[in-house]
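Asker: Chain residues, written in single-letter form:
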Amino acid sequence: MNRSRIIGIATILVVGICLIAPSVALGQADAPIASGNQIDGDYGYGLPPMLSKDGQGVDDLIIILHWFMTALFVGWAIFFVYCLFRFRSRAGHKATYDPVKAKASKYAEIGVAAFEAFLLIGLSMPIWAATKNDMPSKDDATHVRVVAEQFQWNFHYPGADGKFGRTAPDMVDTVENPLGLDRSDPAATDDVYATELHLPVNKPVICDLTSKDVIHSFSLPVMRVKQDVIPGMRIPVWFTPVKEGRYEVACAQLCGNNHYSMRAEMVIEDDASFATWLKEVGIVEEFDEDELD
Amino acid sequence: MSAEVLPYTVKPHPVTGLYNGKFGIWLFLASEVMLFGALFSTYVFLRMGAPETGPTAWPTGEETHLNWMLGGLNTLILILSSVTMVLAWVQFKMDNFAKGRIYLIITAILAIAFVAIKFKFEYAHKFHMDIYPKTSVFFAIYYTMTGLHAIHIIGGVVVICYFIGPGAKLWEENREYYTNRIECTGLYWHFVDLVWIFLFPILYLL
Amino acid sequence: MSGDHHHEPGFIRKYVFSVDHKVIGVQYGVTALCFLFLGFSLMMLMRWQLAYPGEEMPFIGNIFGEDAMPGGVMLPEFYNSLGAMHGTIMIFLGVVPLLVGAFGNYVMPLQIGAPDMAFPKLNMASYWVYLLGGIVMLCSFFVPGGAANSGWTSYPPLSNIATTGQTWWLFGMVCLITSSLLGSVNFIVTIIQLRVEGLTMFRLPYFVWAQLITSFLLLLAFPPLEAAGVLQLMDRLAGTSFFMPEGLVVSGVVQTQMSGGGSPLLWQHLFWFLAHPEVYVLILPAMGIVAEIIANNTRKPLWGYRAMIYSTIFLGFMSFIVWAHHMFMTGMGTKISAFFATTTMIISIPSVVILTALVISLYQGAIRFTVPMLFALAFLPMFAIGGLTGLPLGLPASDIHLHDTYYVIGHFHYVVAPGTIFAIFAGIYHWYPKVTGRTLNNALGYMHFFLSFVFINMVFMPMFWQGMAGVSRRLYDQTVYAHGDAVQSLTIMSSWGAWMLGLAQIPFIINFFISAVAGKKVSNNPWDATTLEWLAPSPPPHGNFETVPVVYRGPYEYSVPGASEDFHPQHVTTEA
Ligand code: HEM
Ligand SMILES: [Cu+2]
Ligand SMILES: [Cu+2]
Numbered sequence: 001m002n003r004s005r006i007i008g009i010a011t012i013l014v015v016g017i018c019l020i021a022p023s024v025a026l027g028q029a030d031a032p033i034a035s036g037n038q039i040d041g042d043y044g045y046g047l048p049p050m051l052s053k054d055g056q057g058v059d060d061l062i063i064i065l066h067w068f069m070t071a072l073f074v075g076w077a078i079f080f081v082y083c084l085f086r087f088r089s090r091a092g093h094k095a096t097y098d099p100v101k102a103k104a105s106k107y108a109e110i111g112v113a114a115f116e117a118f119l120l121i122g123l124s125m126p127i128w129a130a131t132k133n134d135m136p137s138k139d140d141a142t143h144v145r146v147v148a149e150q151f152q153w154n155f156h157y158p159g160a161d162g163k164f165g166r167t168a169p170d171m172v173d174t175v176e177n178p179l180g181l182d183r184s185d186p187a188a189t190d191d192v193y194a195t196e197l198h199l200p201v202n203k204p205v206i207c208d209l210t211s212k213d214v215i216h217s218f219s220l221p222v223m224r225v226k227q228d229v230i231p232g233m234r235i236p237v238w239f240t241p242v243k244e245g246r247y248e249v250a251c252a253q254l255c256g257n258n259h260y261s262m263r264a265e266m267v268i269e270d271d272a273s274f275a276t277w278l279k280e281v282g283i284v285e286e287f288d289e290d291e292l293d
Numbered sequence: 001m002s003a004e005v006l007p008y009t010v011k012p013h014p015v016t017g018l019y020n021g022k023f024g025i026w027l028f029l030a031s032e033v034m035l036f037g038a039l040f041s042t043y044v045f046l047r048m049g050a051p052e053t054g055p056t057a058w059p060t061g062e063e064t065h066l067n068w069m070l071g072g073l074n075t076l077i078l079i080l081s082s083v084t085m086v087l088a089w090v091q092f093k094m095d096n097f098a099k100g101r102i103y104l105i106i107t108a109i110l111a112i113a114f115v116a117i118k119f120k121f122e123y124a125h126k127f128h129m130d131i132y133p134k135t136s137v138f139f140a141i142y143y144t145m146t147g148l149h150a151i152h153i154i155g156g157v158v159v160i161c162y163f164i165g166p167g168a169k170l171w172e173e174n175r176e177y178y179t180n181r182i183e184c185t186g187l188y189w190h191f192v193d194l195v196w197i198f199l200f201p202i203l204y205l206l
Numbered sequence: 001m002s003g004d005h006h007h008e009p010g011f012i013r014k015y016v017f018s019v020d021h022k023v024i025g026v027q028y029g030v031t032a033l034c035f036l037f038l039g040f041s042l043m044m045l046m047r048w049q050l051a052y053p054g055e056e057m058p059f060i061g062n063i064f065g066e067d068a069m070p071g072g073v074m075l076p077e078f079y080n081s082l083g084a085m086h087g088t089i090m091i092f093l094g095v096v097p098l099l100v101g102a103f104g105n106y107v108m109p110l111q112i113g114a115p116d117m118a119f120p121k122l123n124m125a126s127y128w129v130y131l132l133g134g135i136v137m138l139c140s141f142f143v144p145g146g147a148a149n150s151g152w153t154s155y156p157p158l159s160n161i162a163t164t165g166q167t168w169w170l171f172g173m174v175c176l177i178t179s180s181l182l183g184s185v186n187f188i189v190t191i192i193q194l195r196v197e198g199l200t201m202f203r204l205p206y207f208v209w210a211q212l213i214t215s216f217l218l219l220l221a222f223p224p225l226e227a228a229g230v231l232q233l234m235d236r237l238a239g240t241s242f243f244m245p246e247g248l249v250v251s252g253v254v255q256t257q258m259s260g261g262g263s264p265l266l267w268q269h270l271f272w273f274l275a276h277p278e279v280y281v282l283i284l285p286a287m288g289i290v291a292e293i294i295a296n297n298t299r300k301p302l303w304g305y306r307a308m309i310y311s312t313i314f315l316g317f318m319s320f321i322v323w324a325h326h327m328f329m330t331g332m333g334t335k336i337s338a339f340f341a342t343t344t345m346i347i348s349i350p351s352v353v354i355l356t357a358l359v360i361s362l363y364q365g366a367i368r369f370t371v372p373m374l375f376a377l378a379f380l381p382m383f384a385i386g387g388l389t390g391l392p393l394g395l396p397a398s399d400i401h402l403h404d405t406y407y408v409i410g411h412f413h414y415v416v417a418p419g420t421i422f423a424i425f426a427g428i429y430h431w432y433p434k435v436t437g438r439t440l441n442n443a444l445g446y447m448h449f450f451l452s453f454v455f456i457n458m459v460f461m462p463m464f465w466q467g468m469a470g471v472s473r474r475l476y477d478q479t480v481y482a483h484g485d486a487v488q489s490l491t492i493m494s495s496w497g498a499w500m501l502g503l504a505q506i507p508f509i510i511n512f513f514i515s516a517v518a519g520k521k522v523s524n525n526p527w528d529a530t531t532l533e534w535l536a537p538s539p540p541p542h543g544n545f546e547t548v549p550v551v552y553r554g555p556y557e558y559s560v561p562g563a564s565e566d567f568h569p570q571h572v573t574t575e576a
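Protein chains in written order, with this note's numbering: chain W, 1 to 293; chain L, 1 to 206; chain D, 1 to 576.
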């Protein structure tokens with residue numbers, strides 16, 4: 001084994017890569033976002049903006065974890081590299097037959113286990129419990145039904161009466177009535193249908209997720225919300241947006257050919273604009289109804 | 001590859017007490033347990049998830065149109081065939097080829113009777129009533145599980161027939177080897193029998 | 001039995017329908033390497049679409065036809081097919097057949113001193129059924145609608161309503177599962193029954209232990225997937241509703257033809273009940289290979305050999321009760337998620353123990369930087385990265401943000417690509433002299449290693465940042481999202497890494513073929529190793545050993561104090 005040759009090749013490679021990688025990466029001009037709307041917030045190499053009242057826990061956990069992982073890895077790697085140098089085969093150096101009496105590894109393993117236990121019980125479980133159990137009361141929350149289908153998000157607002165009208169699969173019409181809303185139901189008269197998710201700021205939101213066809217996943221990266229939408233089930237999620245602006249709703253579960261384009265926008269606005277918007281969208285809907293009759 | 005070179009093809013291993021084939025068949029049966037276990041779990045999962053009422057509710061005993069008498073008869077037939085299978089093996093062990101073979105033949109006939117009842121009376125009757133796997137989840141699982149079980153039975157019959165017919169040559173060459181193979185077939189056969197003993201109550205009675 | 005087996009078999013019996021474990025091992029190995037390369041090629045195509053979405057693919061864009069790439073631009077359905085088939089081919093047709101079918105088949109009987117596997121014919125059947133499954137998978141590319149495109153996980157209802165390719169996928173899987181079952185029964189019986197005299201369980205090389213536990217996982221985890229496959233076939237072909245609830249409306253059409261009453265989650269439970277143990281199938285034999293090579297090249301016994309074995313057994317058990325950590329986002333309550341998160345944290349401990357044992361084995365060794373050793377050494381930090389990044393995915397709360405993003409892709413590829421694939425390369429360089437009697441060329445080997453090491457990190461490292469940014473996996477075009485567009489430069493970097501990684505395999509491919517005829521001839525034991533396979537001639541004849549060996553000591557007696565040589569093989573009668 002010719003060691004100098006190895007080192008030579010390695011150096012050339014590493015230098016080569018250091019030159020190639022960034023030049024390739026930088027050579028790319030950013031393409032505009034497909035919808036043409038400006039999406040608010042700074043997006044980059046780290047976590048996306050966090051705009052939910054209760055999402056910080058998720059971020060904290062991720063960050064603590066990554067510090068922990070880095071520390072472990074660096075410590076481990078130092079030992080690893082040290083061994084490679086110190087115990088390389090060379091003239092006059094012999095391996096030792098007897099195993100080292102390494103107590104350190106045992107302590108390290110116990111330490112890792114203990115820290116994992118802390119992460120799980122101390123951090124993850126409370127956050128998870130809150131996202132699963134502490135549903136805000138329906139009275140002071142904005143309540144929306146989210147109906148997923150290939151490849152579109154539908155949003156159903158109950159309107160002034162706060163009651164969702166009846167829906168039925170056989171009433172669905174892809175163009176005129178994607179929700180399959182039964183307009184003869186009194187509760188349905190003031191219901192609002194939209195393809196954009198508008199929400200008032202600083203007020204809890206409850207989304208009831210259902211799917212018409214396959215499994216989708218309702219993902220709001222800036223809210224740290226993600227929940228599979230499973231046909232045959234109604235699954236609620238909740239969060240409280242804290243910053244106005246226009247953000248993205250993504251589908252995070254492969255749901256067919258155009259899964260990638262199953263994107264909607266979420267507009268967080270003040271109460272007044274939300275109320276206005278609700279009215280306008282609602283009126284449009286009613287117009288459609290009249291024309292149909 | 002000559003068989004003498006491979007150890008324990010016929011004689012049991014001193015530590016495990018099994019010859020290779022028997023060990024292999026036990027492992028195979030373990031995987032079969034997992035296969036049918038998954039299907040039984042499916043049954044439980046779907047039944048627990050079924051609503052109390054409505055079109056997807058679990059059917060009551062009457063709505064299933066399953067005749068527990070036919071199922072019971074088939075249960076008896078299979079148990080009997082397990083017994084004859086053991087008797088066949090005992091006869092071979094006692095070096096009594098002719099008798100052993102007769103028991104094998106009886107086993108095969110019983111198995112064919114089972115399949116005949118299943119197909120001719122049960123399935124045919126249901127098809128006649130327009131009951132297919134797609135009719136409801138209950139029938140989906142009924143047809144899938146009993147169908148898969150029937151395939152196992154048919155596979156067993158093929159093996160048994162092989163040992164009655166062309167496979168019998170082995171008896172001339174190496175009696176112990178032949179008897180071992182019958183023992184393995186028997187283990188498989190008892191397993192298939194056992195699966196039915198679970199299938200029968202959950203589909204016909206519960 | 002009768003003596004007519006003793007005459008020389010003809011060419012076909014000897015090299016095609018052979019029952020010799022070595023021939024079958026090589027058949028498995030070559031076939032699986034081809035599939036591995038195919039799976040990788042599919043990914044290189046996808047990487048073009050990811051890096052330059054909607055742009056015409058240069059040079060080869062128009063050979064895929066109007067149904068797949070009209071005008072040289074990849075269609076989403078083709079992208080999804082490629083993705084699903086990449087996963088399936090890599091796992092079920094590439095890595096597992098290599099680790100178990102090739103290395104297991106070739107090396108394990110030699111290491112236990114057996115003349116062959118316990119059931120040679122079953123072994124042959126296992127290979128041919130595997131090949132059949134592979135061919136079915138390949139054919140599925142040419143059926144209307146293309147190959148399966150619902151991901152390698154095939155979640156219904158999507159997979160139930162997918163094009164015919166999915167049915168082919170299911171038939172292919174049934175073949176592959178059958179093949180694995182035949183193989184695993186054979187492996188377990190062979191390891192338990194055919195060890196030579198003196199080779200007790202705790203004198204077995206760690207590689208054999210890894211194969212044993214792996215076989216148990218295959219034996220017990222695959223049948224539920226087989227059951228699930230049968231159920232999905234019923235759904236697709238007989239119109240049943242195992243995975244379909246009532247009242248579905250697909251593309252505006254109410255699905256009245258089916259009864260409803262099933263559950264999409266049922267599939268996920270059955271699937272992941274297999275698929276989690278499956279990841280240990282992908283990693284345990286790889287650890288086995290690495291352990292052999294590390295012991296051999298540090299010239300020192302493995303540190304914590306027994307602890308490693310106990311950990312492996314424990315891993316095997318635990319791997320059956322962690323499956324639902326893939327399903328945290330399906331609406332799981334607090335109790336169940338707490339259970340699965342806990343088991344997941346527990347299962348990380350034995351992996352830590354094994355990794356620690358391997359790295360402490362370096363301490364006070366005399367490390368030879370041979371080509372296989374470099375791959376084996378690189379396995380350690382790569383697997384460490386893969387393992388560590390599993391933590392945020394195993395904790396439900398952090399999984400909320402990272403689930404189904406590129407973070408997941410980065411995580412498991414660190415385990416299976418620079419992890420397992422490197423172990424496979426290590427194994428190829430290590431055992432090649434045994435199979436051919438010649439060594440692979442060193443210079444080409446070093447080149448292969450360094451290039452692969454750099455580029456493979458260039459492929460997968462950026463994915464962690466992409467995932468953090470929230471980019472979903474399985475996206476045909478991530479630039480439709482603002483958070484995806486912001487990190488598109490990482491995607492481009494990763495794509496270039498993948499293509500260069502492809503180029504980096506050229507030295508290996510040349511080496512692999514040329515050395516078989518022109519490589520340097522070597523002795524039976526070129527690495528001065530201790531385990532039994534190095535006692536057999538290279539290549540070993542039919543029946544493996546000239547005389548049946550007897551074993552006197554553990555597998556890694558290197559640098560025994562006072563001995564004249566620094567290795568003391570298992571079969572040598574005299575004490576050091
Ligand atoms: C070394 C070269 C490899 C490269 C460059 C590569 C790259 C990728 C990428 C980019 C994806 C994500 C595709 C998407 O989200 O649309 C992916 C998915 C996947 N890869 Fe690989 N991979 C490699 C090797 C492997 C190996 C060795 C295995 C398995 C043993 C593997 C198994 C998978 C699986 C299971 C998926 C998920 C497929 C799905 O979404 O259904 N890959 N790979
Ligand atoms: Cu979707
Ligand atoms: Cu898992």
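Don't take every hint at face value.
[To be verified] The calculated lysine-lysine pairs, modelled on DSBU-like cross-linking and capped at a C-alpha distance of 35 angstroms, are:
#, chain 1, residue 1, chain 2, residue 2
1, D, Lys335, W, Lys138
2, L, Lys169, D, Lys121
3, D, Lys121, W, Lys203
4, L, Lys11, L, Lys120
5, D, Lys121, W, Lys132
6, D, Lys121, L, Lys99
The set of hints was computed from the structure by calculation and includes no laboratory data.
Asker: If a hint holds in the structure, say so; if it does not, say that too.
Answerer: Hint by hint, here is what the structure shows:
1. D:Lys335 - W:Lys138: Holds - the C-alpha atoms of Lys138 (chain W) and Lys335 (chain D) are around 24 angstroms apart, at most 35 angstroms.
2. L:Lys169 - D:Lys121: 19 angstroms, holds
3. D:Lys121 - W:Lys203: Measuring from Cα to Cα gives roughly 69 angstroms; hence the hint is violated.
4. L:Lys11 - L:Lys120: Status violated; Cα separation ~43 angstroms.
5. D:Lys121 - W:Lys132: 54 angstroms, violated
6. D:Lys121 - L:Lys99: 31 angstroms, holds
In the structure shown, a violation is registered for the earlier hints numbered 3, 4 and 5, in ascending order.
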